[in-house]
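Student: The hints should help you fit chain Y onto chain W, whose structure is shown.
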Amino acid sequence: MQDKVKVAGGTGLSAEDISSGKIFLTEDSLDCAYAWDTGVAINRYLAELKKGRIIATQCKKCRRIMLPPRLFCELCFIPCSDWQYVRDTGIVNTFSICHVHWDASRIGKDEKPHLPAVIEIDGASPGMGIMHILGEIEPEQIKIGMKVKAVWKAEEERSGSITDIIHFKPL
Amino acid sequence: MNRKVAIVGLGYAGFGTTTPDLSYREMIFEAVTKCYEDAGGIPPQAIDSFVAASEDFMEGISIADEYVPDQLGAVLKPVQSITGDGLQALASAVMQIKTGQQSIVAASAFSKVSNLSHHDHLVSYATDPVYIRPFQENPYFIAGLEMNRFLFETGATREQCAEVVVKNRYNALKNPSAHYGAKLTLEDVTEAPPLSEPLGIYDMSGHLDGSIVFLLASEERARELTDKPVWIKGIGWATDTPNLDSRLEGLGGAVYARLAAQQAYRMAGISNPFNEIDFAEIDDTFSYKELQHLEALNICGPGEAGKLLELGCFGPDGDFPVNVSGGSLGAGYLHEANGMQRLMEVVLQLREEAGPRQLPHLETGLAFAWRGVPTATGAAAILSTRV
Chain W
1 MQDKVKVAGG TGLSAEDISS GKIFLTEDSL DCAYAWDTGV AINRYLAELK KGRIIATQCK
61 KCRRIMLPPR LFCELCFIPC SDWQYVRDTG IVNTFSICHV HWDASRIGKD EKPHLPAVIE
121 IDGASPGMGI MHILGEIEPE QIKIGMKVKA VWKAEEERSG SITDIIHFKP L
Chain Y
1001 MNRKVAIVGL GYAGFGTTTP DLSYREMIFE AVTKCYEDAG GIPPQAIDSF VAASEDFMEG
1061 ISIADEYVPD QLGAVLKPVQ SITGDGLQAL ASAVMQIKTG QQSIVAASAF SKVSNLSHHD
1121 HLVSYATDPV YIRPFQENPY FIAGLEMNRF LFETGATREQ CAEVVVKNRY NALKNPSAHY
1181 GAKLTLEDVT EAPPLSEPLG IYDMSGHLDG SIVFLLASEE RARELTDKPV WIKGIGWATD
1241 TPNLDSRLEG LGGAVYARLA AQQAYRMAGI SNPFNEIDFA EIDDTFSYKE LQHLEALNIC
1301 GPGEAGKLLE LGCFGPDGDF PVNVSGGSLG AGYLHEANGM QRLMEVVLQL REEAGPRQLP
1361 HLETGLAFAW RGVPTATGAA AILSTRV
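So the protein sequences, as listed, match chains W and Y. Sequential numbering of the first sequence, starting at 1, is according to the numbering used here. Sequential numbering of the second sequence, starting at 1001, is according to the numbering used here.
A portion of the hints provided could be inaccurate.
[Unchecked claim] Label pairs and their calculated CB-CB ranges:
1) W/LYS153 - Y/ASP1021: 26 to 36 Å
2) Y/ALA1192 - W/SER159: 41 to 51 Å
3) W/GLU27 - Y/GLU1220: 30 to 40 Å
4) Y/HIS1361 - W/ALA47: 48 to 58 Å
5) Y/PRO1043 - W/LYS109: 55 to 65 Å
6) W/GLU27 - Y/TYR1067: 22 to 32 Å
7) Y/LEU1248 - W/SER81: 47 to 57 Å
8) W/SER96 - Y/GLY1060: 22 to 32 Å
9) W/LYS61 - Y/ASP1188: 24 to 34 Å
In short, the hints are calculated from the structure, not lab data. Positions of the beta carbon are idealized from the N, C-alpha and C atoms, including for glycine.
The following block holds chain W by itself, in its conformation from the complex (with noise of 0.2 Å):
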């Protein structure tokens, strides 16, 4: 490719050109912290995974099960407030092999490829899930509609986050 680029003159830079301040920069480093009120509805999602139970709530009008729960319908726009356990099996809907990580850095030779997935979760609505990780399978034995489980952390260790379910397994 660069053989075939004719230069018509000037003067090319180089990354030392860079780190030798020849080519003025100006870096600065943002700090910011946020912690998210998590509300009502999502408060009690997170304080049922911590007991290792997947909680959804239940529109009055369009009957849907919504995961994750809502205090309120968006399509219906009503409030709601029936509470619904759904349980921790679904089956797979879509999935992904990443071999990249989240900074687009190449995944290592040793290292497996992350498996995100979307859940559709048995005692909810169709097409309502959870999106997660797959795990304890291989890329290649991965097929949408494939049952799965959810795999908990030890009681001890859930924090009342999306993480204290350590990924879906086949089940």
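Tutor: Using the frame of chain W, we list chain Y on its own:
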């Protein structure tokens, strides 16, 4: 084209220095429910379009606009976000109706500033990274620079700025939505610890969480939805250069306020604002800002605001009441929703729903918002009970 636009619904919720009981979604849902009930119980399906003011950095979510629809009842509908003050979102909603593109539009804004542990950092990151940030000043030094130059140019005094604080925080005692109501003396303010001199700690408004939603409609739809429409007669907004050291009229003036107001006055057919407007809610993020803005908005001449204030002109019983709600100094600063808080008081007053602070015989009011340091952006709206 050029249809008349009215505010037909108002809802607000969550005003508090902290609001740990509700998520931002739940807080907005409460305000939205109140707003749609206020407009005769209109179902969200009957609303054509939705505009929200939001700032990603404040919310800690990039593309925060994508998180807007659920709590507004806006799922599967035209939705847009305005990165700016709530009054700029309102302007966008007004345009959608005026052009005939939509007939009923909701406009919303909220603050969950209590979720930020480094708010001053975020304000600091709004300054230029190359030639302002390296000094590592607390960002409110900009207000100190502005205040000093404003006092120098106009002859306004430190005491007159303190008088703004005393007035607005006292006004707030009659406003149940206000969180910084207090009975202070001039000395309480002038002798308080300095922040960035001449600015003292009481010259700056305190943070507030809250959510405000308005429903706007064309004249035809407004008549169907409510018997108490408040007409948006004029709206304008303007932004000066971001350069702190070379603003077109220096740091002493508020050229953005003058230009925004000129646009709104022209649209509303107002040539003498002091005579033709009955009262105003004007940005008072800092004490001197109320005086600076009063002059820039041509409510009075240069150098006159402080003197008129001392004569009682801007008090609830004066000729031209300003910030009878308590303003930001008395009610609390709502960030992106701040201009909507100014507008909310104008609407409540014009509908005669302001309770113990209700002003008599009102027809026309002005709401003016500034986007805070280090910005030079303002938005003005003229509202009236007469179409």
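Student: Just to be sure I understand the hint, the distance between the Cβ atoms of W/LYS61 and Y/ASP1188 should be within 24 to 34 Å; is that true here?
Tutor: 54 Å, violated
Student: Kindly confirm whether 26 to 36 Å is satisfied by the beta carbon distance between W/LYS153 and Y/ASP1021.
Tutor: At roughly 28 Å between Cβ atoms, Y/ASP1021 and W/LYS153 fall inside 26 to 36 Å, so the hint holds.
Student: How does the Cβ-Cβ distance of Y/PRO1043 and W/LYS109 compare with 55 to 65 Å: does it lie in that range?
Tutor: 57 Å, holds
Student: Is the distance from the Cβ of W/SER96 to the Cβ of Y/GLY1060 consistent with 22 to 32 Å?
Tutor: For Y/GLY1060 against W/SER96, whose Cβ atoms are near 25 Å apart, the range 22 to 32 Å holds.
Student: Can you let me know if the beta-carbon spacing of Y/ALA1192 and W/SER159 is within 41 to 51 Å?
Tutor: 42 Å, holds
Student: Do W/GLU27 and Y/GLU1220 keep their Cβ atoms within the hinted range of 30 to 40 Å?
Tutor: Once the Cβ atoms are compared, 57 Å apart, the range 30 to 40 Å for Y/GLU1220 and W/GLU27 is violated.
Student: In this structure, is the beta-carbon distance linking W/GLU27 and Y/TYR1067 contained in 22 to 32 Å?
Tutor: 31 Å, holds
Student: 47 to 57 Å was suggested as the range; check whether the CB atoms of Y/LEU1248 and W/SER81 agree with it.
Tutor: 55 Å, holds
Student: May I ask you to test the hint 48 to 58 Å on the CB atoms belonging to Y/HIS1361 and W/ALA47?
Tutor: At roughly 54 Å between Cβ atoms, W/ALA47 and Y/HIS1361 fall inside 48 to 58 Å, so the hint holds.
When held up to the earlier numbered hints, the structure conflicts with 3, 9 and fits the remainder.
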